[in-house]
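Novice: Residue strings, one per chain:
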Amino acid sequence: MTSKLIKLRLLASFGQGGKSEQKRKSKLGAIPTVLIYLLVLVAFASIFTSVAVLMAPVLIAIGADWFYFLMFVGLDALLVFIFGVFQTKAEIFECRDNELLLSMPIKPISIVLSRVLSVIIWNYIESLIVFAPAVTVYAAFGGSLRGIIGGILLFFIIPLLPTALSCLVGFAVSLLSSRMKNKTFFSVIFFLAFFAAYMYGYGALMDGMDSMLTHMGSAAQSVGRFALIRAIGEAALLKPLPLLLLALISIASAVLTVLVIAVKFDKIAVMNRGERKVEYKEKYMSSRSVLSALVGKELSRFFSSAAYMINSALGVVFGMLAAAYILFKAETFLPIADVFAYELDTDAGGLATVALVSALILTSSFSYISSCSLSLEGKSLWIPRSLPIGGREVLLSKVIAHLVITVPFTLVSSVLLLIASGAWAHVWYYVLLPLSANLIGALVGVLWNVLFPKFEFTNEAMVVKNSLSVFLTMISLLLLGIGLAALGIWLLVVAGFFAAVLVQLAVSLLIAGVLLFVLLKYAAKRFESF
Amino acid sequence: MLKISGLVKRYGEKCAVDRLDLHIKAGEIYAFIGHNGAGKTTTIKACMGILSFDEGEILIDGLSIKKSPLECKRKMAYIPDNPDLYDFLTGISYLNFIADVYGVSADERNKRISELSEKLGLKSNLANKISSYSHGMKQKLAVIAAWLHDPKLIIMDEPFVGLDPKASHVLKEMMREHCDKGGSIFFSTHVLDVAEKICDSVAIIKDGRLVTSGKMEEVRGDSSLESVFLELEDNNDE
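Just so you know, the sequences run in chain order C and F.
Residues in the first sequence are numbered consecutively from 1, following the working numbering.
Residues in the second sequence are numbered consecutively from 1, following the working numbering.
Source of the hints: derived by calculation from the structure; they are not laboratory data.
Honestly, I wouldn't trust all of these hints.
Calculated cross-link-like contacts (lysine-lysine; reagent style DSSO-like; alpha-carbon spacing at most 30 Å) [unchecked claim]:
(1) F:Lys172 with C:Lys281
(2) F:Lys181 with C:Lys379
(3) F:Lys166 with F:Lys66
(4) F:Lys111 with C:Lys521
(5) F:Lys14 with F:Lys152
(6) F:Lys215 with F:Lys123
(7) C:Lys264 with C:Lys277
(8) F:Lys215 with C:Lys379
(9) F:Lys14 with F:Lys3
(10) F:Lys181 with C:Lys277
(11) F:Lys75 with F:Lys25
(12) F:Lys25 with F:Lys215
(13) F:Lys152 with C:Lys379
(14) F:Lys215 with C:Lys525
(15) C:Lys525 with F:Lys197
(16) F:Lys67 with C:Lys277
(17) F:Lys206 with C:Lys281
(18) F:Lys111 with C:Lys283
(19) F:Lys75 with F:Lys197
(20) F:Lys172 with C:Lys283
(21) C:Lys281 with F:Lys119
(22) C:Lys525 with F:Lys66
(23) F:Lys181 with F:Lys166
(24) F:Lys119 with C:Lys379
(25) C:Lys379 with F:Lys172
(26) F:Lys3 with C:Lys525
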């Protein structure tokens, strides 16, 4: 039973809701998703490879192999824990099929075990991108056979403990949020606090890493004084006691976690969702146009789901925070433009303007609100399909809702950057190009979602985080951002500031126009045929 | 009001609906009965323009659902077998949304929502999110939404499932009133007693094919609808 439930969870993660039943059932449908995941994994693995290449030769030479593995154990544990908390919350505690499964003759422990094991499988995939480069680079730089075998063993042992911790934290968050009156608000606040702590920790780690990489020998010496911490690294060198203890603690923590959650699972699965009952008091309702009703509905969906807000709209928030940071650190950033302008033999003010706007476009490209908006119709797709509204209105409402959410953040960011740069003469450029990029983002998201919808899901996070349309939108917008920036800088050097910005604007407006045409002409028809 | 001619719908090799002909006139309550998987929901979804079909024609008040889907949908309302509504909206927001889509004037929607929700006993819950509603409450909300723009034709798939006895009674009254005013209702049901009591006409479908149709008294004859249905099912099996 447990293996069947695991298979179900993994299929749900990779499965794509297509046009026909046959297509949906086709195993080929999962290939694009798998390819995209592989791409992301390779990108992350290359980061860890570069860290390993910096560390391995020095640490092997000074005989601090244990420290090398300790660093990767730390990186892996951090990665698994951070991604795990939100995954366990969505995959274990807030799944829509929890009640259904509990009503069947399946023991809660089987349900919990299947959920935890499917999370562990994901975590092993994440761990692979840490340990595969670590062990390969270690072997390439002449590391010992013991270290290679130990590194492989740690890959199997290490993810268990952070998975257990993330399950418990996810459990606590679900339990707390179920008792809150405004669950969505609580979840967003928790995420932001968690994320702020992560960013702070990441910053501190990177600072520490910098100095550690410079003084690896002394760092190993300092850390080596703490026997317990040193023992974790020594487990990788097949020291029997540390290895045995580490394996025991990891396995015991995973088993205990499953048992603890299993005991409380029935209560968690059917717990009060925290919605307060309100007595309806009649009030006069005014009418709206069809389009504004549809946009209002999209906005209600967005603001009612923490998973949707957190996962799809962070780009514009980051963009604004980055713009504020640049404003406060203008004296640090703007001289960098002078250096590059000198190197490129171009105008420093123009380069700063193009670079700042490009940076804003790149950060806001991490907003994919529209890219899962169609999938989120899910089982209620019959509503727009049975109402007298055309595909154009439905899709346009999703584009407009995306813009209503992102444009205010983009405008504030533009104003902050304008204040930082003082380039008020170019206000039109600071406003128009990021806005046109917003429009492209909204259109690209809807178009990918019309091509690759995923209407069947057991929790919204599955759609917002794991669907193909979201990945394709992310990659498309990143490429667009990089392309626009490269075009702008190249034209700035060869043809001057005005030519650069006018061509950038023209190109982005042209792209937006073509995408809008495709949406109205073809995508709307495809929606009507679902 | 609703004319189905030679409707064919295939799912791959399987023919879900095979050359179906039905005619629902204005002022008529028309029951559509058949075993599970007989093709009732497929037919209903095709009538609503939700599902494309391979052959035949469906006319709503003289307009083709294929050629003029939006005009047809403006004249109709639909209640599905499982009312998966927008869980993130409150009941009142959902009704307001539906009223906006059908262009119901502000005065009219306020009056109708108040009356219908009072009638079905849902008024006090309208401020709550749909996600907190029971199946029956969602069904009541779907009924109110369907009646909100005073459609000419209401198509319902198993509308009585999940409704409490009082709400079922109210719905039957609403159906009768609607048809007395010239509207039409086409609905599928497994509750043959209800179909027998409130319907003017009935169609029985088996394996996608129409077995019989006509005025209730003609189809039923001297026996009950249940006897006729079971007899037809058995005959066809032989």
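Novice: All hints, please: hold or fail.
Specialist: Here is how each hint holds up against the structure:
1. F:Lys172 with C:Lys281: holds, 28 Å
2. F:Lys181 with C:Lys379: Answer violated: lysine 181 (chain F) to lysine 379 (chain C) is near 33 Å, above 30 Å.
3. F:Lys166 with F:Lys66: Roughly 38 Å between the alpha carbons, so the hint for lysine 166 (chain F) and lysine 66 (chain F) is violated.
4. F:Lys111 with C:Lys521: violated, 39 Å
5. F:Lys14 with F:Lys152: Cα-Cα ~33 Å, so violated.
6. F:Lys215 with F:Lys123: violated, 37 Å
7. C:Lys264 with C:Lys277: holds, 26 Å
8. F:Lys215 with C:Lys379: violated, 36 Å
9. F:Lys14 with F:Lys3: holds, 24 Å
10. F:Lys181 with C:Lys277: violated, 37 Å
11. F:Lys75 with F:Lys25: Distance ~14 Å between lysine 75 (chain F) and lysine 25 (chain F) Cα, so the pair holds.
12. F:Lys25 with F:Lys215: holds, 11 Å
13. F:Lys152 with C:Lys379: holds, 26 Å
14. F:Lys215 with C:Lys525: Roughly 40 Å separates the two Cα atoms, so the pair is violated.
15. C:Lys525 with F:Lys197: Violated. Lysine 525 (chain C) to lysine 197 (chain F) sits at ~43 Å, over the 30 Å cutoff.
16. F:Lys67 with C:Lys277: It is violated: about 45 Å lies between the C-alpha atoms, which goes past 30 Å.
17. F:Lys206 with C:Lys281: Outside the cut-off at roughly 48 Å; violated.
18. F:Lys111 with C:Lys283: holds, 11 Å
19. F:Lys75 with F:Lys197: Satisfied, since the Cα-Cα distance of roughly 26 Å is no more than 30 Å.
20. F:Lys172 with C:Lys283: holds, 29 Å
21. C:Lys281 with F:Lys119: holds, 16 Å
22. C:Lys525 with F:Lys66: Holds, at about 13 Å.
23. F:Lys181 with F:Lys166: Holds, at about 23 Å.
24. F:Lys119 with C:Lys379: Answer holds: lysine 119 (chain F) to lysine 379 (chain C) is near 28 Å, not above 30 Å.
25. C:Lys379 with F:Lys172: holds, 27 Å
26. F:Lys3 with C:Lys525: holds, 26 Å
In summary, the structure is inconsistent with hints 2, 3, 4, 5, 6, 8, 10, 14, 15, 16 and 17 from the numbered list given earlier, while agreeing with the others.
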